[in-house]
Amino acid sequence: MSKNVKVKRGLKLSFKGEAEKILEEAPVSKNYAIKPPNFYSIVPKTTVKEGAKVLAGDELFYSKYSDQTRFVSPVSGIVKEIVRGAKRKILEIRIEADQEISYKDFGSLDPLSASEKEVKSKVFSSGLGVFLKQRPYDILANAEDSPKAIYVSAFNTAPIVGDLEFILKDKQAHFQTGINVLTRLTEGKVYLGVEANSNSYLKKLENAEIINISGPHPAGNVGTLIHETEPINQGERVWTVGAEDVAIIGELFSTGKYNAERTVAVTGESAKNRKYYKTLIGAEIQSFVGEVEENSRFISGDVLTGEKVEPDNFINFYDNELSIIPEGDNYRMFGWLPFKDNHVHSMSKTSLSWLFPNKKYSVNTNLNGEERALVVTGEMEEVMPLDIYPMELLKACMIGDIEKMENLGIYEVIPEDFALVDYVNTSKIEAQEIIRNGLDLMITEVG
Amino acid sequence: MNWIRKKLDEVKAPFQPGEKYEKYAPAVNALDTFLFVPNHTTKKGAHVRDAVDLKRTMITVVLALIPALIFGMWNTGYQHFTQLGESPSFIDAFIHGAWKIVPMIIVSYGVGLALEFAFAIMRGHEVNEGYLVTGLLIPMIMPVDIPLWMVALSVIFAVLIGKEAFGGTGMNILNPALTARAFAFFAYPTYMSGNKVWVSEASTMDGITGETILGTLAANKDVAYQTADMFTGVIPGSISETSTLCILAGALLLILTKVGSWRIILSGFIGAAVMGLIFNTLGNSVFTGNGLMNFPWYNHLVVGGLAFGIVFMATDPVSAAQTMRGKIIYGFLIGLFGIMIRVFNPAYPEGIMLAILLMNVFAPTIDYYVVQANVNKRKKRLKPQTVKTA
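As you go down the protein sequences, you meet chains A and B in turn.
The first sequence begins at 1 in the UniProt record's numbering and counts up one residue at a time.
The second sequence begins at 1 in the UniProt record's numbering and counts up one residue at a time.
Please keep in mind that the hints were generated in silico from the structure rather than gathered at the bench.
A few of these clues could be false.
As the list claims (entries may be wrong) - Pulled from the structure, derived: some chain A residues nowhere near chain B, Cβ distances all over 10 Å:
1. Ile22
2. Thr46
3. Ser63
4. Ala86
5. Leu109
6. Leu112
7. Ser113
8. Ile210
9. Gly215
10. Gln234
11. Asn259
12. Gln286
13. Pro311
14. Lys349
15. Pro357
16. Leu367
To be verified - EDC-like cross-link-like pairs, simulated, lysine to aspartate or glutamate; straight-line CA separation at most 20 Å:
17. B/Lys258 to A/Asp341
18. A/Lys395 to A/Glu406
19. B/Lys379 to A/Glu81
20. A/Lys404 to A/Glu236
21. B/Lys43 to A/Glu371
22. B/Lys6 to A/Asp163
23. B/Lys380 to A/Glu403
24. A/Lys45 to A/Glu81
25. B/Lys258 to A/Glu382
The C-beta atom is built at its ideal place from N, Cα and C for all residues, glycine as well.
Hey, can you work out the whole structure from these sequences and the hints?
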């Protein structure tokens, strides 16, 4: 079964600094870290102490309010340090890795013949539960829920990101097993978004409803796929899983090993060795990043939704790319004049950059202006493929009007769906942050 | 450039957070950011941003106003001299107009920006660029001989009551420039209407009769101008409203840059044409009216402030409808009501100002129903589900 989704409203951003399609084995990282802040809204309770020996797959901590979801170590080694921040909040659990990784044996299980209960309990007890994210709210999936459907997108349309098809090319068997596992976790369908023109194995997978995606960003976002297939209504739950994570889930069911393999694309103009590196979740950035120009920003994730990280830190849990772009802390004289400085990309026709649709633009972190009141209308709608009114929803979130937020479709969105709104809006308002705050309000008030 | 930057940073030093003049920072920042796009980097959300900002958007509108402004300056002088029986050179006519209009612009910007800066400092936010447009629009829609103090008073009213009372830029319900004109219109009607104000110095010199075409028609007299004159704008009227040609040039820039909504502009003209056609066909058989009733519908589109209003005032994104469908309805109704007021109410032969202000008030209602359609669609989706679980 397959379905075509053609997205019209959106924005194709082409920036300089894509990664070459070369896969390299990253040098072994000495240290790894799992960062509890990567998992939104959990309250971590550690089950290990500094100095403890762990295997890959051993539990490090659990979440206070949903103790079925376990957070496990990606490598075997010694828990070196538990880094805490203000109010003793746990920021990182650092593990010094063994030379040779030894795995905890979870035992293999055929997801299609085992009972649903067995499959589910294996997923959550072995630490695979963290790969399942729930919509609405963009939080970790609750083991007690049975979602309406599960979505996986194997096509990332954001600018300068890792090509998921390339990342998955050698993982067919595990990926198929992973999809099989997912089908046992939901009463509904498992949807898999694939690039429409692709001819990879992804289109021939079994047990998944294939969605052929075409169009500009955010066509590949799971939010867009959900909206085009089974939009979320009040009270419904949908789970989403990262593409490479499906293979990790599959591998554990086939071999019994928690092999947290992560392919990270190093992208962005400031990085000199722009390639794909095969490493493990939580690896030290310095272990694979190579030479980087000075005064650059390291972003774990893509440039629209990622998080700024320090160069001596670790890659975030879910991210398939490390984007490194120049900091834009420079002035541009009269740069605000229309039709001037056309080297800075703009969707607006007040720049001539629309005359060169195929040009790749240099991009930096300059805000290109200052925050202002919301004045211009219609631009957010141009990049919003979902059938919602973005500005009205943002305003409802700003004033915290729950009924209005529900009516305008807050359950259907998470911050990443508003990433392009962040990018294009003239008033430089922080749309993703506003949506996140709106979702937080919904969690506390509605749950 | 580096030298200027260094000097600026020196000047700005006492305005930095924690320093003596911290409170007044918005004022120096406004001047600084006028020279340089600041070095601010993204702190949260998307790490990269589009090149567009509010300054660029507003300056684009100012650029779009330039043809109408220059034409207005020339036409002011041209009308003055030709009515005296002279045939002025372009420069003479232009200088006469500029001599009258530039002081109005200076007063408008001076008073308005002073208020904007004061409110920015008081409220602790940066100065919004909206007044760059408003401040130029206000003189452009006034009669040329209006005293400067009335311009100043109108500006104060527009900024204080029209905008800041509602919370400042982005929050106002009415278009500030039209609020200024409406204030002057009702407060000083003798300077804003009649047949002695539309040509420079008409009230002081006997040789000049400065009646507008709409005024002439409302008084059931014959019009001495051809459609071509009305289109190019060589007719008496408020300073920059006369030349539909120059206004359309501005409209082209607004539409091509997407700064102005083509939906509002197009539907506005269509609305006006429809109303004009209705009057033309029904005419005096149904209504008892005046000369404006039989005025051909295409002439309605090119005289008076209709074109200027629709292109530059109705498209103000803050006071207009904000949804795409809403914009079409909003524009259409402005055109419709503009001509209706023009024809039915000879006391206000220029109906477009009132039509836009009226629709400004109704824009949120239009949006409400457009958005509600989306809400209902979402609720409908929910219904079969509740049935299933029940």
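For this session: Output the numbers, in ascending order, of every earlier hint that fails for this structure.
Result: The structure breaks hints 10, 14, 16, 19, 22; every other hint is satisfied.
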